[in-house]
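Listed below are the residues making up each chain.
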Amino acid sequence: MARVVIDGKSYEVDGRRNLLHACLSLKLDLPYFCWHPAMGSVGACRQCAVKQFKDDRDTAGRLVMACMTPAADGTRISIDDPEAKAFRASVIEWLMLNHPHDCPVCDEGGECHLQDMTVMTGHVVRRNRFPKRTYHNQDLGPFLTHEMNRCIQCYRCVRFYRDYAGGRDFDVFGAHDQVYFGRAEDGVLESEFSGNLVEVCPTGVFTDKTLARHYTRKWDLQWAPSICAHCGLGCNTSVAERGGMLRRVMNRVNPEVNGHFLCDRGRFGYERAQRVTEDPEKEKRTPEDSEKKGLSESSGSSGVKRFSEFSGSLCGLLIGIGSPRASMESNFALQTLVGKDHFYSGLSDLDASLVSLILDILRNGPARAASLQDVENADAVFILGEDVTNTAPRLALSLRQSVRQKALERIGKGGIPLWHDAAVREAMQDEHGPLFIATPYATRLDDVATAVWRAAPDDLARLGLAVAHEIDAEAPAVSGFRMPMNSMADALRDARRPIVVCGTSCGSVPLIQAAANVAWALRRQGRAADLCFTVPECNTMGAALLGGGRLGAAFEAEADTVIILENDLYGRAGAAQVDGFLGRVKHVVVLDHLRTRTTSKAHLVLPAATFAESSGTTVNNEGRAQRFFQVLPSREPVMASWRWISEMLVAAGRTGWASLDEVLAAMGDARIRAAAPPAAGQRIPRRPPRYSGRTAMAAHVSVHEAPPPPDPDSPLAFSMEGFSPEAPPPLTPFFWWPGWNSIQAAHKFADGPSGVRLIEPGQRGAFFREVPAPFTPRRGEWWVVPVHHIFGTEEQSAMAPAIVKRSVEPTLALRPEDASDLGVSTGGAVQCMLDERTYRFRVQLRPELPVGVAGLSLMGATKGVGLPCWMALRRA
Amino acid sequence: MERPLTKNLRSDAPDLAETERVGGYQAARKALREMRPADVIDLVKRSGLRGRGGAGFPTGAKWSFVPMGSDVPHPKYLIANADEMEPGSFKDRLLLEGDPHQLIEGMIVSAYAIEANVGYIFLRWEYRVAAQRLALALRQAYERGYLGRYIMGSGFSFDLHLHVSAGRYMCGEETGLLNSLEGKRAVPRSKPPFPQSSGLWGKPTVVQNVETLCNVPHIVNHGADWFRTLSLSEEGGTKIFGVSGKVRRPGAWELPLGTPCRRILEEHAGGMKDGVRLRAVLPGGASTAFLAEDQLDVKMDFDSVARAGSRLGTGTMIALDDRTCPVGMLANLERFFARESCGWCTPCREGLPWVQRILDSMEEGRGQPGDIETLQRHGRFLGMGLTFCALAPGAVEPLRSALTLFRDDFERHLREKRCPWR
Amino acid sequence: MLTTQERSAIEEEREHYPTARAACVEALKVVQRTRGWISDEALRDVADLLKMTLDELDGVATFYNLIYRRPVGRRVMLLCDSVSCWIMGCDGLKEHLKMRLGADLGQTSADGRFTVLPAACLGACDHAPALMLDETLYGDVTPQEVDRILQEGS
Ligand SMILES: Cc1cc2nc3c(=O)[nH]c(=O)nc-3n(C[C@H](O)[C@H](O)[C@H](O)COP(=O)(O)O)c2cc1C
Ligand code: SF4
Ligand code: SF4
Ligand code: SF4
Ligand code: FES
Ligand code: FES
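Residue numbers (this note's numbering), protein chains in the order written: chain A, 1 to 876; chain B, 1001 to 1422; chain C, 2001 to 2154.
Hints may contain errors.
[As the list claims (entries may be wrong)] In the DSS-like style, the derived pairs of lysine-lysine whose C-alpha atoms are separated by at most 30 Å in a straight line are: (1) A/K413 x B/K1191; (2) B/K1045 x B/K1007; (3) A/K9 x A/K54; (4) B/K1184 x C/K2051; (5) A/K27 x A/K9; (6) A/K85 x A/K54; (7) A/K27 x A/K85; (8) B/K1191 x B/K1045; (9) B/K1045 x B/K1030; (10) A/K805 x A/K863; (11) C/K2051 x C/K2094; (12) B/K1191 x A/K85; (13) A/K85 x A/K9; (14) A/K27 x A/K54; (15) A/K340 x A/K863; (16) B/K1007 x B/K1030; (17) B/K1007 x B/K1273; (18) A/K748 x A/K85; (19) A/K54 x B/K1273; (20) C/K2051 x B/K1273; (21) A/K85 x A/K132; (22) A/K413 x A/K54; (23) B/K1184 x A/K132; (24) B/K1417 x C/K2098; (25) A/K132 x C/K2051; (26) C/K2098 x A/K132; (27) A/K748 x A/K27; (28) A/K863 x A/K586; (29) A/K586 x A/K9; (30) C/K2051 x C/K2029; (31) C/K2051 x C/K2098; (32) C/K2051 x A/K805; (33) B/K1184 x A/K413; (34) C/K2029 x B/K1184; (35) A/K132 x B/K1417; (36) C/K2094 x B/K1417; (37) C/K2098 x B/K1273; (38) A/K340 x A/K9.
Since the hints were made in silico from the structure, they are not lab data.
Just chain A, same shape as in the assembly (with noise of 0.2 Å):
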């Protein structure tokens, strides 16, 4: 702590940050621009000067950047010195002198810091006469819409792609006032984190595409805090709708887990998550196939009584299918329909043997389960089986921060600060490691990677149980085994925070119990090594944590009556396994909100709400719970699946659940209730202060403004009475401060974390003796493991147009030689039978998987495969 006066008044301030820093935590009110939170300082944009006086005696002063002069104790500074405020508004004039100002067609506008910066120093009157410069705009591709005109040079952009998200197809072009910012050449922008600079720049020059086709102003948007629904990390967001259409989502700072930044699937997934109305065609939840069954209503209570016709009145078997894309309120209520030991958690089978192992390891300890904070400060990691940008998108970015970790050490001992990025970055150079990346296939980490190693899951774990062995002789050897990267395992013993990643996406059983050893040895050594897991989807831990049956086991039960909630069985089993289950079943009930295959197979469907149409909790695959709230009013028929199952309960004479909170109160678990807290007082509004419309937007129906509607699942309202800003962390629905519109307003909200952590170790975890046999390639046929692609593997974004724009066409992946043995070349395809059905493959050509192994996307049909497995493949 260092105590600063700011014009002369004395205040406690964290030491270890600048004076913008802490003059913004003070929540007092100093202009910026290069500045930020998570990128620190440059002094590019000379926007945050300010007055510093050697010592109470020193009455001149000379003007410094704050972001660049270090919060030391005694420091003396005046924010409302007239020479301070001169030249801010002098650096808003030269910013000024070549913007367009064209606000009002700017989708900036309303949300946009240079307004608010501009408005905040005071300069009001234009005094240049010369012309303007002007530049050309490029297609970035289906996420952003360019438009430099507007761009005020601040360097946030590149240093955001190129620094912090290693893309390499962005940068700064020209010199003096003519610098560019964009690609050499127009085309889609590369990096999976793009998106971000739609926050990132203070200006309309980046803007998101996909809301400019729906667009509407920050302050007519209706927000609710929600939880990205599209990967197994929860990355917190705001989400947006006006007139019952979501129209975007953007970031909302949790410094826990994604802190300022998105994945672009997490972003711009989104178009699907509602009801679609324009287009009828697509209307996902019109159960056309269930008509063929001689069912033909679906909607309402209408619907319930459907059901209860059927299921109420008979005597047999009733069970029930959960979801890990669900949420647990909705999969607790459908284990409570059907009773625990009807209710079969619907992973696969592969998964959920996977991620009940993850659970005990994580359970059991010493290791925690990383957040993606921690990941971020690791100093040293080991990436097993995982190709992350792809499978955990947003981790990949945090795994980027870590492999600074070490030199930042270094540098900080050398008396740089640490927010001195401009000084940091010039030390570290292209210093970066430990990262140690043990994958089947090349990775988009591998740049910043110390080692690669390819090789197939079963030596992918035996190399990790040899490195755990090296590290703590007491952990398994593995006998015979050649170390691939030299001098890892004192990598990782040489660091302080070591973090092991792994997950479920080789589907390996050994592979996630080296990745366990791994971290056992070292916290052995006493290191504080982590484990991070991935999983598949939002819900994944959620569900294994609620427990079930096996899917197998449900298809084997003698079932009369089975009610899927939110799955499509056929990505879970194999196509004859679900077709026979499905047709053996009398009465098969689907809760969902995507059509799917198993819709189509289903007597009822019953229209679900997306995480947009409804309230509810999942947990991440650290174990955190953390709730997400409606946004879009709720409209007939649609309701969260756990009120459809509560309206079911209330029809066949037992109790139901009038809101969200009773279902919490009954699951019984004060950790998940406590994941948001209650309603206190006054209600938090959805909407803006200034938004607008609120009486007309209605009245060709009523010219009577209709009451807000109910929200009996949140202490939010579907309103603008109320002041959001003091809304606790998981109740800010969006970040608004008077004077500060745009995104930056997130440093006057409470920096807390939100969520609460599910799951912390014991010291219970005893070293895996089990050692897989080396991997034996076979002849005629591959070990073909699953390739997951961050836009069209997650089932809930892949039907978002832009998305959809950016989806690759789902391929095999075969080593040149495999390909050239069966007589294909890229573009060539290859067929194998699977389940009694033969498939066709595009063929693309990777050279660096190991001998055996092939690789398949997992998207759509490929996803009941039942990958990995052997395939005799043959040339199509």
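Given chain A's structure and the hints, the job is docking chains B and C with the ligands onto it.
Same frame as chain A, but now just chains B and C with the ligands:
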């Protein structure tokens, strides 16, 4: 009067044998064989040598910030700043073309002092003749074992490379130079950390002007006391002074530091050409403040010129005569600086083009009320510490002084809505 | 495609630096020496050779004024327009050149023979006004001298 720097200068550059005959590489031999690195640093400190690239920082003191010993980051680098692009400056070119071995020897000794094993000569592309002569001299020096491994049988190794740049004044700013050498845009780096601790590729690095380095062998050969006696003031050594503009004999001369400005202008440059009268001079290149006619008795050394309100800079003066429009001259100066701004920080990137446009419009008779105030504001707000590097503060030094010295001329432009000199 | 000579010249430059990237400006000059300017294709070839992306190399290339990203005439003239040369009359030379070549600063004469570019102080201020034609420096240049230089240079 001794002229150590220029005494062996030849229009066709002396070759190695000739250089050796007149004592070339003796200092390197002496330093490497008889002195410890710390001795060399100490000697240079005592000599009072100050950087000749413009800022006048004491060279020995700069070297003493370099971390020494065996457990410091390596390799350390020594760089000769031969980017000379400050308008009005042409002194380094003379040294580079006329006696490349002198620079090489200076670099060997300096590198030895800071235990740097790798060096670069950062040369602007336009110095084609210098590039050829340096390349040849480097080859000769390598052949004779003055460069490379275990120089002259000592334990010291030094590899010296020639890097030819591709334009941009910012490359001369020492941290911009480092980025440029790394193959990046020549945007400056922040200081601290100073290059001496974290420089080229993050390693300890010293950047030194050509003329500074050329002084070093002579200090080693003749001692610190001798060096101090060369000068007419407290600061040691000679300086290459130059004069351009409408003088009778534009040129450059090695003279004692502290030689009065007027003497240089009149005795060496021969005074003004017929028909023109001197109004003011930029004493040390384009980024120094004007000295008025009545200030010309100032002694040309760092401290004296600073006391007079300007800077010694590169010591190459530009004379402004009464037939030349000061507003036009300023417009020319600011066009240069605006064009050479690296584009990193706002005040310089946006402010200098605005200044230039105002000056241009004044010249075209389209100046407006308030323009002078806008110019003054830029003079203030582009000052040292307010921009990221020293380019913009340098750019407004002549502006600020001109607004005081030639205020009437500015006002006449506005009043008469034309340039009175056109 | 880079020629074998270009490639080996670049690789020779590469030897002087610990990183490939550091040689990029030199590499661009190698290519420019033979081709006059850096086309998009040449840029890509150099980027590939130095394991840089197109964006990274172009970010550097467009910063330096002596790397030409647009075609230039057979000969490039750098006309100093800095202060000493301005005092000594470089504007007159500029006008003269414009008249003679029909091309303004930054343009190429219609016959494709000359491109005239403004240059920062050439370090020949004692012989102002100064200019360079390709690699040769000329001092104390008068309009008559310009005519002679153009004559020689064609
Ligand atoms: C914009 C700018 C351009 C500069 N150009 C040069 C130059 O061309 N040559 C030079 O020696 N120093 C130049 N300098 C000064 C260098 O930054 C640095 O101070 C100098 O090379 C240090 O050497 P010295 O101590 O021997 O003078 C320039 C400084 C600035 C701010
Ligand atoms: S595009 Fe945006 S982020 Fe990038 S420099 Fe311009 S204003 Fe800053
Ligand atoms: S990383 Fe996962 S949770 Fe985060 S935004 Fe992307 S898809 Fe959503
Ligand atoms: S003052 Fe700023 S813009 Fe100008 S050259 Fe220096 S860093 Fe670049
Ligand atoms: S925020 Fe401080 S200089 Fe940009
Ligand atoms: S000003 Fe033209 S050569 Fe120096």
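Hint check results:
no.	hint	result
1	A/K413 x B/K1191	17 Å, holds
2	B/K1045 x B/K1007	24 Å, holds
3	A/K9 x A/K54	16 Å, holds
4	B/K1184 x C/K2051	14 Å, holds
5	A/K27 x A/K9	14 Å, holds
6	A/K85 x A/K54	19 Å, holds
7	A/K27 x A/K85	18 Å, holds
8	B/K1191 x B/K1045	23 Å, holds
9	B/K1045 x B/K1030	18 Å, holds
10	A/K805 x A/K863	21 Å, holds
11	C/K2051 x C/K2094	41 Å, violated
12	B/K1191 x A/K85	25 Å, holds
13	A/K85 x A/K9	18 Å, holds
14	A/K27 x A/K54	24 Å, holds
15	A/K340 x A/K863	27 Å, holds
16	B/K1007 x B/K1030	21 Å, holds
17	B/K1007 x B/K1273	29 Å, holds
18	A/K748 x A/K85	22 Å, holds
19	A/K54 x B/K1273	51 Å, violated
20	C/K2051 x B/K1273	56 Å, violated
21	A/K85 x A/K132	25 Å, holds
22	A/K413 x A/K54	26 Å, holds
23	B/K1184 x A/K132	28 Å, holds
24	B/K1417 x C/K2098	27 Å, holds
25	A/K132 x C/K2051	37 Å, violated
26	C/K2098 x A/K132	27 Å, holds
27	A/K748 x A/K27	6 Å, holds
28	A/K863 x A/K586	26 Å, holds
29	A/K586 x A/K9	75 Å, violated
30	C/K2051 x C/K2029	17 Å, holds
31	C/K2051 x C/K2098	42 Å, violated
32	C/K2051 x A/K805	29 Å, holds
33	B/K1184 x A/K413	27 Å, holds
34	C/K2029 x B/K1184	15 Å, holds
35	A/K132 x B/K1417	24 Å, holds
36	C/K2094 x B/K1417	25 Å, holds
37	C/K2098 x B/K1273	29 Å, holds
38	A/K340 x A/K9	62 Å, violated
Hint violations for this structure: numbers 11, 19, 20, 25, 29, 31, 38, all remaining hints satisfied.
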